[in-house]
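**Student:** Work out the full structure, taking the sequences as your base and the hints as a guide.
Sequence order for the protein chains is A and B. Residue 274 in the numbering used here sits at position 274 of the first sequence; the count goes up by one each step and never skips. Residue 815 in the numbering used here sits at position 87 of the second sequence; the count goes up by one each step and never skips.
All the pointers check out, no bait thrown in.
Estimated spans, in silico, between C-beta atoms of each pair:
no. : chain 1 : residue 1 : chain 2 : residue 2 : range
1   : B       : 876       : A       : 610       : 28 to 34 angstroms
2   : A       : 494       : B       : 849       : 44 to 50 angstroms
3   : B       : 843       : A       : 251       : 46 to 52 angstroms
4   : B       : 844       : A       : 196       : 39 to 45 angstroms
5   : B       : 849       : A       : 309       : 50 to 56 angstroms
6   : A       : 245       : B       : 843       : 49 to 55 angstroms
7   : A       : 309       : B       : 792       : 56 to 62 angstroms
8   : A       : 722       : B       : 849       : 27 to 33 angstroms
9   : A       : 201       : B       : 844       : 27 to 33 angstroms
10  : A       : 201       : B       : 876       : 19 to 25 angstroms
11  : A       : 196       : B       : 850       : 39 to 45 angstroms
12  : B       : 791       : A       : 245       : 27 to 33 angstroms
13  : A       : 494       : B       : 797       : 56 to 62 angstroms
14  : A       : 418       : B       : 737       : 35 to 41 angstroms
In short, the hints are calculated from the structure, not lab data. The C-beta atom is built at its ideal place from N, Cα and C for all residues, glycine as well.
The chain contents come next:
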Amino acid sequence: MNKHVMPKLNRRAFVIGTAAVGAGLAIGLDIPFGGPTVVRAADGSPEVNVWVVIRPDNTTVIRIARSEMGQGTLTGLAQLVAEELECDWSKVVTEYPTPGQSVARKRAWGDFSTGGSRGIRTSQEYVRKGGATARVMLVQAAANEWKVPASECTAANSVITHTPSGKTTTYGKVVEAAAKLEPPAEVKLKDPKDWKLIGKGVKRLDTVDKTTGAMIYGADVKLPGMLNAAIKDCPVFGGKLKSYDEAKVMGMKGVKKVVRVSDSSVAVVADTWWHAKTALDALPIVWDEGENAKVSSESIAKWLAEGLDNAQPAFVGNQNGDAKAAIASAAKKVEAVYNYPYQNHATMEPMNATALYTPDKCEVWCGTQNGEGAFAAVLEASGLPAEKCEVHKLMLGGGFGRRGMTDYVRQAVIIAKQMPGTPVKLLWSREEDMAQGRFHPVTQCKLTGAFDADNNLTALHVRLSGQSILFSVRPAALENGKDPAAFQGLSPSGDAAFGYSVPNLLVEHSMRNPHVPPGFWRGVNVNHNAIYMECFMDELAKSVGQDPVEFRRKLMSKHPKHLAVLNAVAEKIGWGTPAPQGVYRGIAQVMGYGSYVAGAAEISVTDGSKIKVHRIVASTDPGYVVNPAQIERQIAGSFVYGLSALFYGGCTVKDGKIEQTNFDTYNSMRIAEMPKVECVMVPSGGFWGGVGEPTIGVAAPAVLNAYFAATGKRIRSIPLRDQNITFA
Amino acid sequence: MANLTINGKSISVDVEDDTPLLWAIRENVGLTGTKYGCGIAQCGACTVHVDGVAMRSCGLSVSEAVGKQITTIEGLANNGALHKVQEAWIANDVPQCGYCQSGMIMAVAALLKEKPKPTDQDINEAITNICRCGTFQQVREAIHAAANA
Numbered sequence: 001m002n003k004h005v006m007p008k009l010n011r012r013a014f015v016i017g018t019a020a021v022g023a024g025l026a027i028g029l030d031i032p033f034g035g036p037t038v039v040r041a042a043d044g045s046p047e048v049n050v051w052v053v054i055r056p057d058n059t060t061v062i063r064i065a066r067s068e069m070g071q072g073t074l075t076g077l078a079q080l081v082a083e084e085l086e087c088d089w090s091k092v093v094t095e096y097p098t099p100g101q102s103v104a105r106k107r108a109w110g111d112f113s114t115g116g117s118r119g120i121r122t123s124q125e126y127v128r129k130g131g132a133t134a135r136v137m138l139v140q141a142a143a144n145e146w147k148v149p150a151s152e153c154t155a156a157n158s159v160i161t162h163t164p165s166g167k168t169t170t171y172g173k174v175v176e177a178a179a180k181l182e183p184p185a186e187v188k189l190k191d192p193k194d195w196k197l198i199g200k201g202v203k204r205l206d207t208v209d210k211t212t213g214a215m216i217y218g219a220d221v222k223l224p225g226m227l228n229a230a231i232k233d234c235p236v237f238g239g240k241l242k243s244y245d246e247a248k249v250m251g252m253k254g255v256k257k258v259v260r261v262s263d264s265s266v267a268v269v270a271d272t273w274w275h276a277k278t279a280l281d282a283l284p285i286v287w288d289e290g291e292n293a294k295v296s297s298e299s300i301a302k303w304l305a306e307g308l309d310n311a312q313p314a315f316v317g318n319q320n321g322d323a324k325a326a327i328a329s330a331a332k333k334v335e336a337v338y339n340y341p342y343q344n345h346a347t348m349e350p351m352n353a354t355a356l357y358t359p360d361k362c363e364v365w366c367g368t369q370n371g372e373g374a375f376a377a378v379l380e381a382s383g384l385p386a387e388k389c390e391v392h393k394l395m396l397g398g399g400f401g402r403r404g405m406t407d408y409v410r411q412a413v414i415i416a417k418q419m420p421g422t423p424v425k426l427l428w429s430r431e432e433d434m435a436q437g438r439f440h441p442v443t444q445c446k447l448t449g450a451f452d453a454d455n456n457l458t459a460l461h462v463r464l465s466g467q468s469i470l471f472s473v474r475p476a477a478l479e480n481g482k483d484p485a486a487f488q489g490l491s492p493s494g495d496a497a498f499g500y501s502v503p504n505l506l507v508e509h510s511m512r513n514p515h516v517p518p519g520f521w522r523g524v525n526v527n528h529n530a531i532y533m534e535c536f537m538d539e540l541a542k543s544v545g546q547d548p549v550e551f552r553r554k555l556m557s558k559h560p561k562h563l564a565v566l567n568a569v570a571e572k573i574g575w576g577t578p579a580p581q582g583v584y585r586g587i588a589q590v591m592g593y594g595s596y597v598a599g600a601a602e603i604s605v606t607d608g609s610k611i612k613v614h615r616i617v618a619s620t621d622p623g624y625v626v627n628p629a630q631i632e633r634q635i636a637g638s639f640v641y642g643l644s645a646l647f648y649g650g651c652t653v654k655d656g657k658i659e660q661t662n663f664d665t666y667n668s669m670r671i672a673e674m675p676k677v678e679c680v681m682v683p684s685g686g687f688w689g690g691v692g693e694p695t696i697g698v699a700a701p702a703v704l705n706a707y708f709a710a711t712g713k714r715i716r717s718i719p720l721r722d723q724n725i726t727f728a
Numbered sequence: 729m730a731n732l733t734i735n736g737k738s739i740s741v742d743v744e745d746d747t748p749l750l751w752a753i754r755e756n757v758g759l760t761g762t763k764y765g766c767g768i769a770q771c772g773a774c775t776v777h778v779d780g781v782a783m784r785s786c787g788l789s790v791s792e793a794v795g796k797q798i799t800t801i802e803g804l805a806n807n808g809a810l811h812k813v814q815e816a817w818i819a820n821d822v823p824q825c826g827y828c829q830s831g832m833i834m835a836v837a838a839l840l841k842e843k844p845k846p847t848d849q850d851i852n853e854a855i856t857n858i859c860r861c862g863t864f865q866q867v868r869e870a871i872h873a874a875a876n877a
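**Tutor:** Have a look at this one:
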């Protein structure tokens, strides 16, 4: 049975042989010296290289550096390694190396970060080479034993065959010898047409424990003598913790300690989390809310609206011709203003981390999308050097970008540091999770299109105003102050390129950063940019009396991959043929994360306010399809996430705080509201695009365009609940 | 101190009467398959069976659970044989992150007991658990598969 082995809670997942550590040697792809020292997993089985451990019974352990949070990367990455390794897929298990081990081995596993739909697309080449290298070494070991040329041997299903003689052996029998060989300097990867496992919708490797309650998430960690902590951070971002009266709660049942965590947060540590939370709720806390307490959604909206004025400074993200001049002299002009609100990730599992600190060691157990980032947070918060720190990654109860942040890891370490030798699990309440999100940024957008007398689109001006994620999260990635990611889907080239050719184009961003901390939220800037652009495309088409698909096609002749996915969904939804009585269609396309995607919806609307989505279709060209079953699930899941945000989402600010506190005020779609998502995959090859995020961008504009078709009413403000529009 | 019957076993837990059943199950009994998602009976991640009925254990106090048969996800299998809903979940590769799935499976198992062949409409009315990964399509397929197993 395939299985993903989560790390044991009371010991390291595998050990590096002392000789290897002493000599600084290991057989690994990125380590330039080979040698006789074999690195062993905890059970004694040898590593062929950092990606592959083989047990005597032919079980193949594939190491996965990226984090599994439901998106299926664990299974997809294992498929990539196994394809080249030629191992028996039914005997594949996976495990996580730890960030501490990676640091000790000179980052042998490369990047651990799991965001931006990068899991497969940015590691596919080196993990496939890891599998291929291991196969070459295993085959060589068998050839050496038989004293035959390796070129006369083949490998399949973990069995090596010497073709001329018919002799066979298995990976499990030759692995000890293989692990001592020098890795080949170069390996040739398979031609995609020869793939057997890549492209197959094999089952996930981590399902069984998720159906029995056995899967251990961060919130489920149990360690001997562990205490539990509940935390409150100042609900006004940027505010401070003035004082608290711990005497009022120290006598409450189970309470062990009240600790100041930062200059803005306080935690109660107790025997159980329920006791900790109950005492925290009873703890008198005085906040110094500061200037930000004056900020509201209205004041933010007003400030952003000012940024739509052309007289205000803005960064240019895409430009050709002279859009402003062409608009000024146009025969006809169309203009519209849109906005998109803050959104909380609302992962099903609230943020949490468990830390054990002693002056000699600091260990953390948590779900994280960024193992190395979490490791860095442990170093910083503990003050200990890398060799005395470790992070044990656990299954994530949802990520969506939130768990790429390490705020909760830092908090857990700071609490544990005040109780040396006692493991402490910090778990946020849902209310804390809603209040202390790292929110999808707030933006507005003014779009202006210009036509000549023959109704040809001559100019387009897209003026974004609003928050930059990178400014807050990764300022080093700004380019002379500009946030290049703000233009996702609207960029001149790259992995989020604009799909239309317009003679005069100007796309710009007036950056305005309110005090609410932003974060990468599934789809990131594609979410609002695709709504703005794709709804406005429909507005432009309507203004000249043209069909929305035909109108787009005329602008897409130089963007064949964008056009191909648009055509694919148009065909699938039946564009150009009559829809059923009372049913209306909408369509949208965008590029993001290296993939070309499009979506189309069929909806009906009752009383102008009750929407039923009858059908929803997606197409994607991610270059290559590693696991079509998982891609279907990611597309459908992205639509649920995107439509939940469209209908029910939106986080508002009052007195500097987020107003929504739980799922009663920040709702999420249920099964009754979601139709089956029909997926069309049109992989064109030659590039590797992402899967988890891109399609989220087209769900909302497809539905909004269908709503316009049904009602003649254009919605330019999200979420729909603000306009009393909901699901039928 | 309260005496609870969980997965057929009598267990006494040292908690205050108003402790939510969810936290007694997770922290005092140590069964962590039942998840905390919202604490206000909105999301369904904490769903267990109380006398055979699916209930959200975060909204139920320990004192209300005394004397009742409580089944958690860990007790759904029978003598090591997985429940047909769990089997269907595996066969249909339902979970993504999986965090909500214990509650989802418990809600479905209770539905099938009441309505062995639920229609899509029955499913829409009975299954109101939140899944942020959006596994609804596979959930629906797996419910029908389990009903026909």
